[in-house]
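Chains as they are written, first to last, in my numbering: chain A, 3 to 200; chain B, 62 to 157.
Because the hints were derived from the structure by calculation, they are not lab data.
In this text, all values refer to a predicted model and were calculated from it rather than measured experimentally.
Backbone N, C-alpha and C fix where the C-beta goes; we use that ideal spot for every residue, glycine too.
Treat the hints loosely; a few may be bogus.
[Unchecked claim] Which residues of chain B face chain A? A partial, calculated answer using Cβ under 10 Å:
{"hint": "1", "residue": "S80"}
{"hint": "2", "residue": "E89"}
{"hint": "3", "residue": "T91"}
{"hint": "4", "residue": "L93"}
{"hint": "5", "residue": "K96"}
{"hint": "6", "residue": "T97"}
{"hint": "7", "residue": "N109"}
{"hint": "8", "residue": "E113"}
{"hint": "9", "residue": "E118"}
{"hint": "10", "residue": "N126"}
{"hint": "11", "residue": "K133"}
{"hint": "12", "residue": "K137"}
{"hint": "13", "residue": "K140"}
{"hint": "14", "residue": "Y145"}
[Stated by the list, open to error] Looking from chain B toward chain A, a few residues come up when the C-beta cut is under 10 Å (computed):
{"hint": "15", "residue": "L76"}
{"hint": "16", "residue": "V79"}
{"hint": "17", "residue": "R86"}
{"hint": "18", "residue": "S122"}
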Amino acid sequence: MEINDDIRDEKQSLEIIGRMIENARQGIQDNGFFYLLWGYLVLAAAATHYVLQYMLNYPYPWLSWAVLMPAGGIVSMIYGMKMDKKQGAKTYIEKNMMYVLVAFLVSLLIVLFMMPLLRQNTYPLVLVMYGIWLFCSGGMLRFRPLIAGGVINWFFGILAFYQTFEYQLILLAAAVLIGYIIPGHLLNMQYKKNVRTA
Amino acid sequence: MFAPLDPVLHSQLRLSVVSLLVSVRAAEFTWLREKTGSTAGNLSVQLNKLAEAGYIEIKKSFRDNYPLTECKITKKGIKAFEAYVNNIKQYIHQKK
């Protein structure tokens, strides 16, 4: 397509503006990688913790978190750096998403650090915070399954306050499945569809 | 009375570039080329014209030993784009 000519009329101007704004939106959507990575990691860590503690009576059941979470951090960093190079354009949404993500991670760290004080209330609070992140990032991406995932995490958070640690682990696993993994796969499917049609 | 349309923006490729840049924070040369479907030579010329008018900023650097050109719209560019869109709307309303 040759588009170096002069503009025919005003309608063509509007048409170009509309098409380019649409073009800019395509291909820079989220592919769901982080939701899938963290969703599966937390699911695996919670499930392993459950099996180690309640089925095998292993003395250090929390090891699953100690191994999987730093591994996830490293993979996220490498992937983030790689994506940053690949993208070609920096968007406003990404910047906003990053602020929300950092706010979430800092709050999460504070809550986890306060675990000795919070005790039984730690995981329910973690679920409530998962809700914040999912709801905000879903809203920014205009992606309803993530928003719904956020609401479900809040709901599971409330439930978890009334449960023993054993059931909190199961609730946590279910919450990441519904809140992260399913929306993550849906987001990835939409992303692939967009890339194909772009 | 119509305000005259900004000649810097009243060109297909330059208008395309500015429309893309209002939607993002910053964009690389290759991304703009891909999205506009233009040739590198032509895009380069038009980007320079936009930069001369003060509508965009061009930053040249290197990444992994390859030259990297990044473009960003300026406040002046955003104002010019908004004025252009408003003028066009007036033209179209008048024709109806």
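Item to check | Hints that the structure is at odds with (numbers, increasing) | outcome: 7, 8, 9, 10, 12, 13 and 18
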